[in-house]
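**Q** Given next are the chains, with one letter for each unit.
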Amino acid sequence: MKEYIEYIKMIVVLSTISAVCGFGLAAISAFTKERIEEQKLLNVEGPTVKKILAGSTNDLIKDRKEIVINKQKYIVFIGKKNGAPWALAYTTDGTGFGGEMSVMIGFDLINDTLAGVGITSHKETPGVGSRVTEDSFTKTFKDKGLNAVFKIKADGGVIDAVTGATVSSRGVCGAVQKGVPLYQDIKKQVLK
Amino acid sequence: MASIAQEFTKGFWKEIPPFRLVLGICAALAVTKSLVDGFGMGIALIFVLVCSNIIISMLRKVIPKKVRLACYIVIIATFVVIVELITQAYVYSLYEALGIFIPLIVVNCIILGRAEAFASKKSVLRSALDGLGIGAGYTLALVFLGALREILGRGTLFAGSQYVINLFGPSFKPYAFMVEAPGAFVCLGLLLGIMNVLGD
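Quick mapping for you: the protein sequence lines, in order, are chains A and B.
In this text, residue positions in the first sequence follow this note's numbering: the first is 1, and each later residue adds one.
In this text, residue positions in the second sequence follow this note's numbering: the first is 1001, and each later residue adds one.
What the hints contain is simulated information worked out from the structure, not anything from laboratory work.
Watch out, some of these pointers could steer you wrong.
Below are the DMTMM-like pairs computed for lysine to aspartate or glutamate, each with C-alpha atoms no more than 25 Å apart in a straight line [to be verified]: (1) K62/A - E1180/B; (2) K1121/B - E6/A; (3) K51/A - E1096/B; (4) K80/A - E6/A; (5) K1061/B - E6/A; (6) K33/A - E1084/B; (7) K1066/B - E6/A.
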């Protein structure tokens, strides 16, 4: 009998401690959730958005919208000048040499051209493939019309690949090709 | 029995964790690339250590002996997740710098060691002071190690904060080996040796 009481005591104590800890963590998680999401956007995507949509006068992180297309959720950043939206940007992914890379594409709403491209995360080889993140490569996308062939020149497109980083350059182009067809739908939903 | 003040001060020299007890080495080697990172890790550890010591000491008469380790780990893990969430929400750059080593505080032997060897037997006040002292000693060691490696490996101090000091001017070629993993072992080994020569 004494043994059973001991067992029950063990179960009760451990369960109680776990339950209290669980509830405590749930509360703290709920309390910090919004801020963590904001911090992530600010630190991971923030610097890229600010670069692509340079010249915007609004708070780019705050003026974002979540838009669902083909059951996929896109976070769309909207750039405004004097209160009127002039550009938007969202992220798609491509496959580079080291694996998945996230590419943010900015669109000029007035001229329907690319406002810029930036790589937010990648696993390319440092110093080789990673050079696709540099301005000298990403600026080749800027101001291109949406009907341009976003492939590297070796594949019959209009983009100058980074020397020695063909696969990484293709990865970025792939992401842009994936992102451009969504533009009209997203534009409609944003301006609605 | 040691005086209350001694519970606090022993962590600074007699039982300074990485150098005397040779505990918590994994994190000590990995995050001391710079002074700021080492300091951040130290603060995170102090918080977890003090909180878990206090709670475990409070519950020391309730927790059955056979499941004590499970109870300690649940309590410690809870505080570690709290630290993780808070650094992520309020000091994101530190969260990125420390990365996986915040969750790994759970298995840092200093914390379970203090819970088992100290907090489960002593009063709440003594346990809190013990946690504070050992944690502060650990922080001191990490800051020292981080500063040493940062000065030699990058030629700067306080990199990662807004008060970066460039110590040697532009002509200095940083000894990059020191901020890599092998440099951490060499640094720690030399410091351990010096501590042993100096003795108690």
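**Q** None of the hints should be skipped; say for each whether it holds.
**A** Results for each hint:
no.: 1; hint: K62/A - E1180/B; result: 39 Å, violated
no.: 2; hint: K1121/B - E6/A; result: 21 Å, holds
no.: 3; hint: K51/A - E1096/B; result: 21 Å, holds
no.: 4; hint: K80/A - E6/A; result: 67 Å, violated
no.: 5; hint: K1061/B - E6/A; result: 14 Å, holds
no.: 6; hint: K33/A - E1084/B; result: 12 Å, holds
no.: 7; hint: K1066/B - E6/A; result: 10 Å, holds
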